[in-house]
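Participant: Residue numbers (the numbering used here), protein chains in the order written: chain E, 670 to 809; chain S, 670 to 809; chain R, 670 to 809; chain A, 670 to 809.
A few of these clues could be false.
As the list claims (entries may be wrong) - Derived contacts from chain A toward chain S, CB cut-off under 8 Å, selection only:
#, residue
1, 683
2, 714
3, 716
4, 718
5, 730
6, 734
Since the hints were made in silico from the structure, they are not lab data. It should be emphasised that the depicted structure is a prediction, and the values quoted were computed from it without experimental measurement. Backbone N, C-alpha and C fix where the C-beta goes; we use that ideal spot for every residue, glycine too.
There are 4 protein chains.
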Amino acid sequence: MSQSSFKASFRVAFVDTDGAGVVHYSNYFRFFERTEEEFYKHLGFDFTDFRKRGLWLPRVEAFCQYKKPATYGDLLEVELVVEELKEKSAKLSFKVANEAGDLLALGYLVIVVAEKQTGRATQIPKDIVERLRPFAKQVL
Amino acid sequence: MSQSSFKASFRVAFVDTDGAGVVHYSNYFRFFERTEEEFYKHLGFDFTDFRKRGLWLPRVEAFCQYKKPATYGDLLEVELVVEELKEKSAKLSFKVANEAGDLLALGYLVIVVAEKQTGRATQIPKDIVERLRPFAKQVL
Amino acid sequence: MSQSSFKASFRVAFVDTDGAGVVHYSNYFRFFERTEEEFYKHLGFDFTDFRKRGLWLPRVEAFCQYKKPATYGDLLEVELVVEELKEKSAKLSFKVANEAGDLLALGYLVIVVAEKQTGRATQIPKDIVERLRPFAKQVL
Amino acid sequence: MSQSSFKASFRVAFVDTDGAGVVHYSNYFRFFERTEEEFYKHLGFDFTDFRKRGLWLPRVEAFCQYKKPATYGDLLEVELVVEELKEKSAKLSFKVANEAGDLLALGYLVIVVAEKQTGRATQIPKDIVERLRPFAKQVL
Numbered sequence: 670m671s672q673s674s675f676k677a678s679f680r681v682a683f684v685d686t687d688g689a690g691v692v693h694y695s696n697y698f699r700f701f702e703r704t705e706e707e708f709y710k711h712l713g714f715d716f717t718d719f720r721k722r723g724l725w726l727p728r729v730e731a732f733c734q735y736k737k738p739a740t741y742g743d744l745l746e747v748e749l750v751v752e753e754l755k756e757k758s759a760k761l762s763f764k765v766a767n768e769a770g771d772l773l774a775l776g777y778l779v780i781v782v783a784e785k786q787t788g789r790a791t792q793i794p795k796d797i798v799e800r801l802r803p804f805a806k807q808v809l
Numbered sequence: 670m671s672q673s674s675f676k677a678s679f680r681v682a683f684v685d686t687d688g689a690g691v692v693h694y695s696n697y698f699r700f701f702e703r704t705e706e707e708f709y710k711h712l713g714f715d716f717t718d719f720r721k722r723g724l725w726l727p728r729v730e731a732f733c734q735y736k737k738p739a740t741y742g743d744l745l746e747v748e749l750v751v752e753e754l755k756e757k758s759a760k761l762s763f764k765v766a767n768e769a770g771d772l773l774a775l776g777y778l779v780i781v782v783a784e785k786q787t788g789r790a791t792q793i794p795k796d797i798v799e800r801l802r803p804f805a806k807q808v809l
Numbered sequence: 670m671s672q673s674s675f676k677a678s679f680r681v682a683f684v685d686t687d688g689a690g691v692v693h694y695s696n697y698f699r700f701f702e703r704t705e706e707e708f709y710k711h712l713g714f715d716f717t718d719f720r721k722r723g724l725w726l727p728r729v730e731a732f733c734q735y736k737k738p739a740t741y742g743d744l745l746e747v748e749l750v751v752e753e754l755k756e757k758s759a760k761l762s763f764k765v766a767n768e769a770g771d772l773l774a775l776g777y778l779v780i781v782v783a784e785k786q787t788g789r790a791t792q793i794p795k796d797i798v799e800r801l802r803p804f805a806k807q808v809l
Numbered sequence: 670m671s672q673s674s675f676k677a678s679f680r681v682a683f684v685d686t687d688g689a690g691v692v693h694y695s696n697y698f699r700f701f702e703r704t705e706e707e708f709y710k711h712l713g714f715d716f717t718d719f720r721k722r723g724l725w726l727p728r729v730e731a732f733c734q735y736k737k738p739a740t741y742g743d744l745l746e747v748e749l750v751v752e753e754l755k756e757k758s759a760k761l762s763f764k765v766a767n768e769a770g771d772l773l774a775l776g777y778l779v780i781v782v783a784e785k786q787t788g789r790a791t792q793i794p795k796d797i798v799e800r801l802r803p804f805a806k807q808v809l
C-alpha cells in the first residue's frame with residue numbers, strides 16, 4: 670500500500686533546553702503533539718472539532734528513543750506517519766532530524782478516540798477516517 | 670493593620686532549568702501560581718470551587734524582578750502576601766529565597782474574579798473574602 | 670527618532686493551554702522570549718554568540734498585562750520594540766495580538782548583559798549595539 | 670532477589686493541566702524525572718555530582734502507558750523501581766497512582782551514563798552502583 674508522510678519544522682527555543690544544554694527529553698513529546706496538530710490542520714480539522722462532537726483524543730501510549738541531542742537554535746524536522754489506523758485508535762510514528770539530516774529521535778503515540786463524558790473508547794468519526802486513510806501504512 | 674504571610678517550598682527540578690544552567694525566568698511565574706494554589710488550599714478552597722460557581726481567576730498583570738539565579742536542586746521558599754484585596758480583584762506579592770536566605774526574586778500577580786461565560790469581572794464571593802481578609806495588607 | 674518593530678508569529682499548541690481552556694499566563698513570557706530569539710536571529714546573532722564571548726543575558730524584569738485570553742489553535746502575532754537601549758541593558762516591549770487583530774497582551778523584558786563567570790553587568794558588545802540601534806526607540 | 674521501591678508525591682498544579690482539563694501527557698515524563706531526582710537525593714547524590722565528574726545521564730528511551738487521567742489538585746504518588754542495573758545504563762520503572770489508589774500511568778526510562786565531552790557511554794561510577802544495587806530488581 671502506498672503511503673505518504675507529513676512533515677513539520679520547529680526551531681528549538683531556549684526554554685526547550687535544560688541545564689545539560691540540550692532539549693529536555695520530555696519536550697520531544699511536545700514536538701510530537703505539535704506535529705500531530707499541524708497534521709490535523711493540514712487535513713482540515715483540529716482537536717476542537719472533536720470537542721464539539723463530545724469526543725477527545727487521550728494518548729494511551731507514548732514512546733521515544735533518543736539518538737542524538739538537539740540544542741538551542743536547531744531547526745527540527747519532524748516526520749509523521751500513520752502506522753496503524755484502527756476502528757477506535759491510531760498509532761502515529763515520529764522521526765526527528767536536524768538540518769544536517771542527523772536522526773535525533775524516533776517515537777510513537779497511540780491515540781484513542783473517546784467520549785468526553787463517559788471516558789469510553791468510540792469509533793473514529795467517518796469523515797476523519799477518510800482524511801487519515803491516505804496517510805495510513807496499515808488500516809486494521 | 671496586622672497581616673500574615675504564607676510560605677511554600679519547592680525543590681528546583683532539572684526541567685525547570687535552561688541552557689544557561691539556571692531556572693528559566695518564566696518558571697518563577699509557575700512557582701508564584703503554585704504558591705497561590707497551596708495558599709488557597711490552606712484556606713480551604715481551590716480553583717475548582719470557582720469553576721463550580723461559574724467563575725474563574727484570570728491573571729490581569731504579572732511582574733517579576735530577578736535578583737539572583739536559582740539552580741537545579743535549590744529549595745525555593747516562596748512567601749506570599751495579599752497586598753491588596755479589592756471588591757473584584759486581589760494583588761498577591763511574592764518573594765522567592767533560597768535555603769541560604771538569599772533573595773532571588775520579587776514579584777506580584779493581579780488576579781480578577783470573572784464570570785466564565787461572559788468574561789465580566791464580578792465580586793469575590795463573600796466566603797472567600799472572609800478567608801483572604803486575615804492575610805490582606807490592604808482591604809480597599 | 671524613527672524606529673522599526675519586529676514581528677513573529679506562533680501557533681498556540683494544545684500544551685500551551687491549561688485547564689481553563691486558555692493559554693497559561695506564564696507562556697506569554699515564553700512567546701516573548703521566542704520573539705526575542707527570532708529578532709536576534711534576524712539581526713544575525715543568537716544567545717550562543719554571547720556564550721562564546723563569556724557573556725549571557727539574564728532577564729532582570731519581566732512584566733505582562735493580559736487583555737483577552739488566547740486559545741488553542743490561535744495564530745499569535747507578537748510585535749517587539751526596543752524601548753530602551755542602554756550601555757549594559759535593554760528594555761524590549763511586546764504586543765501580542767490574534768489573527769482577528771484583537772490585542773491580547775502587552776509586556777516588557779529588561780535584559781542585562783553580564784559576564785557568565787562573575788555575574789557582573791557589562792557593556793553590550795559594540796557590534797550588537799550597532800545591529801540593535803535601528804530598532805531602538807530610545808538610546809540612553 | 671529482594672528489592673525495594675522508592676516513592677515520591679507531587680501535587681498536580683494548574684499549569685500541569687491542558688485544555689482537556691487533565692494533566693498533559695508529556696508531564697508524566699516530568700513527574701518520572703522528578704521522582705528520579707528525589708530518589709538520587711535520597712541515596713545521597715544528584716545530577717550535579719555526575720557533571721562534576723565530566724559525566725551526564727542522557728535518557729535513551731522513555732515510555733508511558735496512560736490508564737486514567739489525573740486532574741488539577743490530585744496528589745500523585747509515583748513509585749520507582751530499578752528494573753535493570755547494567756554496566757553503563759539503568760532501566761527505571763514508574764507507577765503513578767492518585768490518592769484513591771487508582772493506577773493512572775505506568776512507564777519507564779532507560780538512562781545511560783555518558784562522558785559529557787565525547788558523548789560516549791561509560792561505566793556507572795562504583796559508589797553510585799553500590800547505592801543503586803539495593804533497589805535493583807535485576808543486576809546484569
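Participant: All hints are to be evaluated individually against the structure, with a verdict given for each.
Facilitator: Hint check:
A distance limit of 8 Å between C-beta atoms decides the matter here; for residue 683(A) the minimum to chain S is near 6 Å, and the interface restraint holds. Contact between residue 714(A) and chain S, as hinted, is not supported at the beta carbon level, the nearest pair being about 11 Å apart and thus beyond 8 Å. Proximity of residue 716(A) to chain S holds as hinted, the smallest CB-CB distance being about 6 Å (cut-off 8 Å). Restraint check, residue 718(A) versus chain S: the minimum CB separation of about 10 Å is more than 8 Å; hint violated.
Taking 8 Å as the C-beta cut-off, the interface hint given for residue 730(A) is violated, the closest approach to chain S being about 18 Å. Here the hint on residue 734(A) is broken, as its CB sits about 21 Å from the closest CB of chain S, past 8 Å.
The structure shown violates the earlier hints numbered 2, 4, 5 and 6.
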